[in-house]
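K.L.:
As you go down the protein sequences, you meet chains A, B and C in turn. Note that our numbering has the first sequence beginning at 1, numbered continuously upward. Note that our numbering has the second sequence beginning at 1001, numbered continuously upward. Note that our numbering has the third sequence beginning at 2001, numbered continuously upward.
Any given hint could turn out to be false.
As the list claims (entries may be wrong) - Below, simulated PhoX-like cross-link-like pairs (lysine-lysine); rule was C-alpha separation at most 25 Å, straight line: (1) A/K38 x B/K1151; (2) A/K38 x B/K1192; (3) B/K1017 x B/K1040.
Just so you know, these hints were derived from the structure itself, not from any lab.
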Amino acid sequence: MSGNPGAGPAHAAAHHEESYQPVFVGPVKARLEALFPKYPTRQSCLLPALWMVQEERGWISPRAIGEVAEVLGLTPAFVKGVVTFYTMYHTHPVGRHFIQVCTTSPCNICGAEDVVKAFLQHTGCGELGATSKDGRFTVIEVECLGACGFATPVLIDDDFIEGVTPERVPGILQGYK
Amino acid sequence: MGYPHPSHAKEQPVLSKHFGDAGSRTVEGWVKRGGYEGLKQALGMTRDQVIEMVKASGLRGRGGAGFPTGLKWSFMPKEVTKPHYLVCNADESEPGTFKDREIIRWTPHQLIEGCAIAAHAIGAERIYVYIRGEFTFEYKILTAAVEDAYKNDVLGGNVFGSGRRIDVVVHRGAGAYICGEETAMMNSIEGKRGNPRIKPPFPAQAGLWASPTTINNVETLAAVPHILVRGAEWYKGLCLGSPKSTGTKLFSVCGHVQRPGNYEVVMGTPMRDLIYEMCGGMRPGRALKAVIPGGSSVPIMTVAEVEDCAMDYEGIVAKGSMLGSGGMIVMDDSTDIVYQVMRLARFYAHESCAQCTQCREGTAWTTKILERILAGTGKAEDLALLLDLADNMTGKTICVLSDSCAAPVVSAIKKFRGEFDAYLNRTKRPVMVAV
Amino acid sequence: MTKDLVNVTIDGMTVAVPKGTPIIEAAKQAGILVPHYCYHPSLPSPAVCRMCLVEVEKAPKLVPACVTTVVEGQVVHTDSEQARRARTGVLEFLLINHPLDCPICDQAGECELQDYVFQEGRSGTRYSDYAKRYNPVEDFGPDVLYVANRCILCTRCVRFMEDVAGTPVLNVSERGDRAYIGIDEDQLLDHPWAGNVVDLCPVGSLISKDFLHKARAWDLDKTASVCTGCSQGCNITVDTRDNTVVRLRPRPNLEVNRHFMCDTGRMHYRWMNRGDRIEAPLVQDSGRLVATDWDRALDRLAGLVEKGGDAVLLASGAASLESLGMMHRLLAGTRLTAVVQLPIGESEEPLQGIPNLALRQERAPNGEGARLLGYGTDWRAAVKTASSADLVVLLDVTLTDAEAALVSGAAAVVVLGTVQAQELASAALVLPLTNVVEENGTFVNRDQRVQRYKQARTAPGMSRPAWWVAAGVAPTKVAPTLALAPTPATAAQAFELVCSTIPSLAGLTYADLGLLGRIASGMAPGLAPTHALAQSGPGGS
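All chains, please: the whole structure from these sequences, using the hints.
P.N.:
The structure is reproduced here in structure tokens:
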């Protein structure tokens, strides 16, 4: 039986018709290789390598998992086990701008859930995890972002924004095209 | 600094002295502010001398466990036969805690200096700073500071001309609270799932890549240069309460106070002073209801307990809770305790690594029961069930995430029983929809 | 030796075990089973299931018995109230998401979750009205299905593939109660030893497609046997239902195969149920093979043997030591060429994490036995010699058309076999044999270990073991050497008789072999467990 097991929704998009362009070529490859002397094993470069894939492609596809596995001498199954453990890695494409709102208790008691509602409304995403129709935004709730005194913190792509209130949301979103 | 607010008279700014001062971010700036003297001094001392100094200071781990730092360092083998490693735990993910980010954000060299001294003390040449993936801003600051340090021979093969090698590698996490657990952090650095390891073996015998390793929190390491420069006696003297709790502590106060922020106070400072004076007390028209003092993984404290509590390791234990990370979540009377306990349980359920049965299933089940109570469909036996589950989840797992979920649940049921009963006997309206 | 032993008291029984022994193994020495899931003696221990938590006096918390090593003077309670409560707690947690699949689950009856829940679980659920986690069934490849809902995340399968098979093809995916066992979608569980994950799985999560819904565990009869796939001689259990072999499973033998068997051997059982068997002895009569009774058949055989001359004995490498030995003796009075057929497989497939364990290239279980008895291995030459021999005896071999043609050139051909062979219609005698599950016998594996296999199902028709056929030929009519020994009436007696002719096996009896075998002379007994009390000296307990 050829590789055709049932699996979660992540794999539905896996087998594209387009050919896969490797991530680790040229400067990206150089950046990864520059890390090798900093760790005694190749495997230790796995999290950094996955970050590089996500920076380049916006998400980590099954083909990319295969590429990372090959480059580091690991099995794809092993890499996949690691990717699915860490919640910051996207295993399916997301909106151009990924919005993470902290709603753990310290922020929760300072109105974080209203901030989430505001983002869902103003991005047009409607529900958590969904990408807006124009492909611009995805909004999710996350656990404690470590900025509890500056509720409510929001991470948009790599921008860490603090003290977000529902009123500030439309203005913040304007900065993300 | 009650950063970002101006420093309060009752604070003792040592680590936080330069919070808000962007000039501290460079080697030059840090040196101008008296930095790197500690490291220079340490390089002229033996490993044992540095360890004894830190032991004498009474410094204890500031990440949550409160283990005596000098003692931890002394567990490393005297002879270096395999490479020794220092890991700096910058994974700060304990709800309510936001102190390490400020140290990195404003005074990265304070951290680098502390790491370097620690590395020297434990015979390590390489330091891995594990910084959580969400700290994108701090990551940039830290990597720039590390680069700057290498340029100035603060790091590299010849630190301050001593011939000593000290390297720093900044390693980004990717969204897992459990990686703040020291053995899980080592697995994560090794490129694996962040599963905590069974102990023994202990990290000092077999840690990163089976080599002797010490893991210390950012705040702990940041204190080290000050101890070197100003002396162990000075640090030990910073003590208002139990003699076993010395030095200063950055308390991250968040929630319903007027001035949330990081407050650096001498160990033993009364909690009421912190909340009512330094933080400006409650918001207008509101009264204090509860405080979770050590990050969320500790028992909730009532007002009575808070108002009579000295903030040090022993003082908070005496009041039935723990100092932990010092992340103080202050809740006023607008807070739905049941809802927040549910939200915390949900946090733990989300972060469980899935190894141990009790944690994997118990955190999720606890969350479901609480959700149901909040949805108005709770059963009378649910509270007894929650307590029984909490008992099954305590003291039986590889790490204490499971215990951490149990602690707020048990303490909330014990101390705020009425709020639970209100949902159970339907005198309070449901705030959730049952799934 | 004694200074490396540690005394520990478990549930009131004191045992002495080597330093470094985990409590769970020390408990076995005391005859106590500590309930567990993730622990397995052939896998590295992660202590994740938390089922084996036991109470140790003076310890602040319960400790996992699988990774806590014994300490001199330790007092352990595996069944104290605390320990039992902890186990009941674990079982309850495991059941909240575990589906009530017992009525449709293959594992029922041999399920460790059922067993421990029955023993110590709660009688009712407290997880009422909540949804259970759902994941779809996944096909992991050739023989293995993963029923994710039933998985208790013990991770034995992941560790087996990573640490014992050496190919990390399974993982744990996701986190928390969303976790499940994942496989890369382009990879299959087609490692030559992958089928062992089904045995390792304590519940019905990893199941065999081959065995799917075939039989209920409690309907099975289980018989100790030895795999006939190759010369490794993995110990197996033959599971039969209504006299039909439905499954082979590995049987633990720490010296041979530990707890494993390869997929080739595991699937090698359908032939045992073949129906196209030779029903009765057949004698050549006026150009046809005619059924007859054993007396007449044995008489005819005696006559052929008595004639003597050049004889060729072509034997299967899967014939038992008893059969090979007795047939050889039967023909001792002739000018005998005895050769054993040893199929050679494409490659050797080791299980890399276990020393000295592989699917061997010699795909016969008793090549060593044959060699010890003086059988040669030059098959081509022997077949050629057979073409002009006076008597050719085929002992359970399959011939190619070409070989059959050559063999037919002999003056007389006696076929002993299990299935009808059309190409030997001109044989003088065709005698029905029992196959490996229909008789008692022994094989000698590549390490010179003599191992017993036992009869698992009734012999069909009038079939008999080959040693019985040889013994049945009256000793007075044939080789003088035979006359000196009492005629064996049982496999045990045949074994002793045959062993008496082999120096390294001389004096062995079935009792000496037990069910774990014994290495031929000069080597340690095959029964030594790894955490040995075996060498307890004068002071040992």
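K.L.:
Hint by hint, note whether the structure agrees.
P.N.:
Right, here's what the structure says about each hint:
| no. | hint | in the structure |
| --- | --- | --- |
| 1 | A/K38 x B/K1151 | holds (18 Å) |
| 2 | A/K38 x B/K1192 | holds (17 Å) |
| 3 | B/K1017 x B/K1040 | holds (21 Å) |
Hint check: no violations occur; every hint is consistent with the structure.
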